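Participant: If you use our numbering, the sequence shown corresponds to residues -3 to 98, in order.
The hints are simulated quantities; they were obtained by calculation from the structure and are not laboratory data. Just so you know, not all the hints are guaranteed correct.
Result set (PhoX-like, lysine-lysine): computed pairs, CA atoms no more than 25 Å apart in a straight line [to be verified]:
1) 85 / 21
2) 23 / -2
3) 85 / 74
4) -2 / 86
5) 51 / 74
6) -2 / 85
7) 21 / 86
8) 14 / 51
9) 23 / 74
10) 23 / 53
11) 86 / 14
12) 74 / 21
13) 85 / 14
14) 74 / 53
15) 74 / -2
16) 86 / 74
17) 53 / -2
18) 74 / 14
Since we're looking at a predicted model, the values are computed, not measured.
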Amino acid sequence: MKNGSAPGPDGIPVEFYKMFWPDVKDKFMEAFRYSQEVNTLSPSQRQGTITLIHKGKEMSRNLLTNWRPICLTNADYKIISEALALRIKKVFPGIIHENQVS
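Use the sequences and the hints to build the structure in full.
Facilitator: The structure is reproduced here in structure tokens:
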């Protein structure tokens, strides 16, 4: 995961997890396994903050069409979703035919 992305509603950036991973790893993994067990994410992992970002300096800030929405999600959700995506990616070649495109 890249550094410098905006934190989600909890305000904890990805850099926190990178720096303190040895300290938080066990609790994080425990929570992750529990999420798998109960088949749902925690309430904080299911929430995001939708905000608008401006498309570029040379574009007028007065036109709504020059803004795009983004959803800021918590870093723990980003870590979990990336881990799951990597797991799924390993299985896809055996499930989806090479001619299949999205």
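Participant: Compare the structure with each hint and give your call.
Facilitator: Consistency of the hints with the structure:
1. 85 / 21: The given pair, whose Cα atoms are some 23 Å apart, holds under the 25 Å limit.
2. 23 / -2: Given that 25 Å is the threshold and the Cα spacing comes to 22 Å, the pair holds.
3. 85 / 74: 16 Å, holds
4. -2 / 86: It holds: about 21 Å lies between the C-alpha atoms, which stays within 25 Å.
5. 51 / 74: Holds, at roughly 23 Å.
6. -2 / 85: Since the Cα atoms of residue -2 and residue 85 sit roughly 19 Å apart, the hinted pair holds (cutoff 25 Å).
7. 21 / 86: Satisfied, since the Cα-Cα distance of roughly 23 Å is no more than 25 Å.
8. 14 / 51: 30 Å, violated
9. 23 / 74: Distance of about 16 Å is within 25 Å: holds.
10. 23 / 53: 43 Å, violated
11. 86 / 14: 24 Å, holds
12. 74 / 21: Holds: residue 74 and residue 21 sit about 15 Å apart, inside 25 Å.
13. 85 / 14: 23 Å, holds
14. 74 / 53: Violated: residue 74 and residue 53 sit about 29 Å apart, past 25 Å.
15. 74 / -2: Holds. Residue 74 to residue -2 sits at ~11 Å (cutoff 25 Å).
16. 86 / 74: 19 Å, holds
17. 53 / -2: Given that 25 Å is the threshold and the Cα spacing comes to 24 Å, the pair holds.
18. 74 / 14: 13 Å, holds
When each numbered hint is compared with the structure, violations occur for hints 8, 10, 14.
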